[in-house]
Amino acid sequence: MNFLRAVLISKWTKVVVFALCLVPLAILLWKGFHNDLSANPVQYVEHRTGDWILRFLCITLAITPLRKILHLPQLIRFRRMMGLFAFFYACLHFSTWFGVDRYFEWNLILDDVGKRPFITVGFTGFVLMIPLAVTSTAGWIRRLGGKRWQKLHRLVYFSAVAGVIHYYWLVKSDVRKPLEYGFIVALLLGWRIWSWLANRPKPGALRVKHEEAVTAESA
Amino acid sequence: MLVKRAPELTYKDVTPKRFYMGRRNFLLGLAVTAGAVEAWKRLPRVFAGPPTGTVPHPITGLKKWPGSTTEAVTPENDVTHYNNFYEFGTGKSDPAQNAGDFVTYPWSVSVEGEVEKPRKFTIDEIMKLAPLEERIYRHRCVEAWSIVVPWIGYSFNVLAKAVQPKPTAKFVAFQTYYNSGVMPWASSAGIELPYVEGLRIDEAMHPLTLLCTGMYGGTLPNQDGAPVRMVIPWKYGFKSIKSLVKIKFVKKQPSTTWNMENPYWYGFYSNVNPDVDRPRWSQKMEHRLGQGFFARPIPTQMFNGYGDQVASLYSGMDLTKCY
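Going line by line, the protein sequences match chains A and B.
Going by the numbering used here, the first sequence opens with residue 1, and the numbers climb by one from there.
Going by the numbering used here, the second sequence opens with residue 1, and the numbers climb by one from there.
For the record, the hints were derived by calculation from the structure and aren't laboratory data.
Just to be clear, a hint being listed does not mean it is correct.
Said to hold, decoys possible - The calculated DSSO-like cross-link candidates involving lysine-lysine, where the alpha carbons are at most 27 Å apart (straight line), are: (1) K172(A) to K92(B); (2) K170(B) to K248(B); (3) K252(B) to K166(B); (4) K284(B) to K120(B); (5) K63(B) to K161(B); (6) K128(B) to K64(B); (7) K115(A) to K321(B); (8) K161(B) to K128(B); (9) K252(B) to K170(B); (10) K172(A) to K68(A); (11) K68(A) to K151(A); (12) K172(A) to K246(B); (13) K117(B) to K248(B); (14) K117(B) to K161(B); (15) K248(B) to K31(A); (16) K115(A) to K128(B); (17) K14(A) to K68(A); (18) K115(A) to K177(A); (19) K321(B) to K172(A); (20) K172(A) to K284(B); (21) K177(A) to K92(B); (22) K128(B) to K248(B); (23) K248(B) to K166(B).
Okay, chain B solo, but in the shape it has when bound (with noise of 0.2 Å):
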């Protein structure tokens, strides 16, 4: 029988005591290492003391719109802490945690582009513009979440007028107040900003278009895109633009933030279409906010439920092309 001998082990072959004493130093810089960054990134929160911006207050003499859906109305709590709003972070949560400095007031806002009466509005203008109504909307989001919010606001229609659009107005612009100083993640949202929204005339000039300018009674939390922003309940939730600041009206079809990010997901029209899938969700059901783990998703409705009001401002138009 074949016995084998291991070679004999000579100094030659210890390893090195500095190699040896480097594993233990390599694991401890490791988690050294890990532990400062996880420190330097909660740095500034610690520093920063209590939140310097603005904070909603409630809104009095508010009319009830009469064509409020009856639906149980989302927790508030649920709606002012999970937001997309990118400039202050990617995640749900983050605009709730990182909005806080935000100032919307003073404000104003540029109405501007095919009109007889180009203007400045100031916030407090746009408050006092027309009687300020509260509608009942759902709110149905890209990402297959929905929620129903008690928004305050008139039709967008009504500051329209008043800046009178030539027949040349083809389309309405919108845009986003853009800061980085006060927008932590302005400029690593993934996204190109400021964030740009635009709809048709008609869709804009339509009555549930809503310029809203509170919700749950008072004024707009600065995570949900105060102090004045658009609500078009038919649509999905990404063509709702926060936090205005300029209004154009103009004869060509503008370009809009996720359109240009992705033409083949996020089409211009982005109508709530159960019919029409995006590739990272199926659009025929949605699960509705504030209702616990367990709760059932409901099937989404064409135009979000508001086709009887809507359906008429695409007739002949393919909406499986035009989506």
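Excised from the complex, chain A in its bound form (with noise of 0.2 Å):
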């Protein structure tokens, strides 16, 4: 475990699980120069990406849960390179819809976003990363204070369910795929709940310590 954590903390893991986290594109980017990105690489480039983003989200999601359940605080060093490589893979993602897919012609786009289900919710979850990105440094946590950033970066929640449905509102009848994400979300949602359920203080308990207060006053 020792051994673990030393693993955890070296400046050297962060540069490898970086490289790691670029392996996704780089096998994209080979498979476009061997031109072997299917018979219709617009689209599975935007699956491949999407699929990162969901993944990256999840496991951003995934580090509290394990950090404290697995007592390795050190997991927060990698929070925010995951939260950042998902906002990253959501740019490639948007930009190949954007720039390729729709090859910038405006008027399909606005009529997209604004007609089609799935692509309003999809770019709403885009557009909530955002904000994250800009204040994802030591910065802006100082700037904003650590309670106020906290609560922000909370909309990371809405920006992984709303990856989930834009996923399952796209597939036409196999929601296999789309359900497992589904699952991964809300058991990570969830063990939140469950945890602030669990360590709410509880109101009999403060009355106690409220009367002995009292007592201890007046003795």
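Could you use the hints to bring the two separately framed chains together as a complex?
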């Protein structure tokens, strides 16, 4: 376990993880150069990047439960990187759709965002990630203050849910994969609700303390 | 100044060893489970061996149909590796991978219903009923992609005339082969199967409506609907039903698979129409397959560009309502 901790706090681990997170992009570029992106390369890139957004969002959301359950606070060092990679792949996903799929046709794009619920919800999930990426620096945590920063960053819950709905509404009939993501996101958000309920100060306990204090004073 | 002291830790507070050790086991367990699930999924393919199904063979003596489009034909490999054939998987590359064991010879198609001479046709009889033509059609999927394919076959009305439809035949219902023993996804595709489609009788009898037995100079690959399918070039691709086993002339408009799945999204007619959007895809543009990542999408044409020939079938109809 000490070894694991040592690995987790090593700066090299961060470098390695960073490189690993770029592998999906490297694979896409490699396939692109070798003309191996399927018959419909635009859709292929959209689907692959879309998958990776959801995966990185799940990893990001898994960090807090894992560090609490496994007593590995060092995991927090990777949360920002995971979140930013989710945003990175979201940018690739969005720009592929915007620039290559829709070819900067504003009429089509506005039409899509307004009229097609799956695009509306996906776009919303993406937009919600922008302030989180912007305020991901230490400077912004300081400027906002920890509490407010944390509150703002809970928006990621909505992004993850939006991502799952976006995927669920996209597929025509085989909803297994979106449901897999849905299950994982539900589990991760469910854990948060559970831990919030479990750690909530009990009203009864508070009153006892207060009475004790009163008694102590009068004594 | 108040200095808070941490309470003394005693043996009571020590995490029991089984929990402490359990963390690693938990992680290991996760990894092992994930590995096992993945291996289980791949297992059948490892033991499957080479495919045992029918493979395409060249067709000779083809007549070139004069009405073919002059647009660039889509590379064959793209057409055979990007399919919607849910009985063989819902991913676009699944059918090419999973249809290898599908045996499509011998084969017969039952033609029945409101006809004077109902009968079964073997695939050999179908191939000889009329001279086979090579027709290059545009093919537009409702998912906003399109291909240009040199199909092989002849007008469906040749087969229809051979069974002599009665005047009471107002529609034609088509049905795809169904067997969950050979079609690995047949029972889990998420849509109701066997796949069924339908046309109005005048649509079915239109000379453009093709009874198709081949493409790219050979018989059909399994994933593209071997051994015989329909091709209706002015309608979205899902109307062009694959691997036909039954054709029934009927009095009333028959049920069709995607329409039953979602009547609002997939109408009975499903003519290619850039002005009628679907909730999932705008139908104004399409991506022509096989042209690379940065290829500009092209505008979709009314009736997929076959309006001169087929628009008259729908005169007086509101196509935004009858979509």
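Hint-by-hint comparison with the structure:
Distance check on the hinted pair: K172(A) and K92(B) sit about 12 Å apart at the alpha-carbon level, within 27 Å; holds. A C-alpha spacing of about 11 Å is found between K170(B) and K248(B), which places the hinted pair at or below 27 Å, so the restraint holds. Between K252(B) and K166(B) the alpha-carbon distance is near 14 Å, which keeps this suggested pair within the 27 Å criterion. With a CA separation close to 41 Å, the supplied pair K284(B) and K120(B) exceeds the 27 Å bound.
Taking the CA atoms of K63(B) and K161(B), the gap is about 21 Å. The hint holds against a cut of 27 Å. In summary, the hint linking K128(B) to K64(B) is supported, as the alpha carbons are separated by about 17 Å, within the 27 Å threshold. Note on K115(A) and K321(B): the hinted pairing holds, with a Cα-Cα distance of about 18 Å set against a maximum of 27 Å. A distance of roughly 15 Å separates the Cα atoms of K161(B) and K128(B); the hinted pair therefore holds under the 27 Å criterion.
A hinted pair counts as satisfied when its Cα atoms are at most 27 Å apart, and K252(B) with K170(B) qualifies at roughly 7 Å. With a C-alpha separation of about 38 Å, the suggested pairing of K172(A) with K68(A) is violated against the 27 Å cut-off. Proposed proximity of K68(A) and K151(A) is supported: the alpha carbons are some 19 Å apart, at most 27 Å. Annotation: proposed proximity of K172(A) to K246(B) holds, straight-line Cα distance about 26 Å (limit 27 Å).
Simply put, K117(B) and K248(B) have alpha-carbon atoms about 12 Å apart, close enough for the 27 Å limit, and the pair holds. With a C-alpha separation of about 10 Å, the suggested pair K117(B) and K161(B) falls inside the 27 Å cut-off, and the hint holds. In summary, the hint linking K248(B) to K31(A) is not supported, as the alpha carbons are separated by about 46 Å, beyond the 27 Å threshold. A distance of roughly 49 Å separates the Cα atoms of K115(A) and K128(B); the hinted pair therefore is violated under the 27 Å criterion.
Proximity of K14(A) to K68(A) is assessed by CA-CA distance (about 20 Å); at most 27 Å being required, the pair is judged to hold. Under the criterion of a C-alpha separation no larger than 27 Å, the hint pairing K115(A) with K177(A) is consistent with the structure, at around 25 Å. Among the hinted pairs, K321(B) with K172(A) is consistent with the structure: their alpha-carbon atoms are about 22 Å apart, no more than 27 Å. Restraint check for K172(A) and K284(B): satisfied, since their Cα atoms lie roughly 20 Å apart, inside the 27 Å limit.
Simply put, K177(A) and K92(B) have alpha-carbon atoms about 15 Å apart, close enough for the 27 Å limit, and the pair holds. Of the supplied pair hints, the one linking K128(B) and K248(B) holds, its CA atoms being roughly 21 Å apart against a limit of 27 Å. Restraint check for K248(B) and K166(B): the C-alpha separation of about 12 Å stays at or below 27 Å, so the hint holds.
Violation of the numbered hints given earlier is confined to hints 4, 10, 15, 16; the remaining hints are satisfied by the structure.
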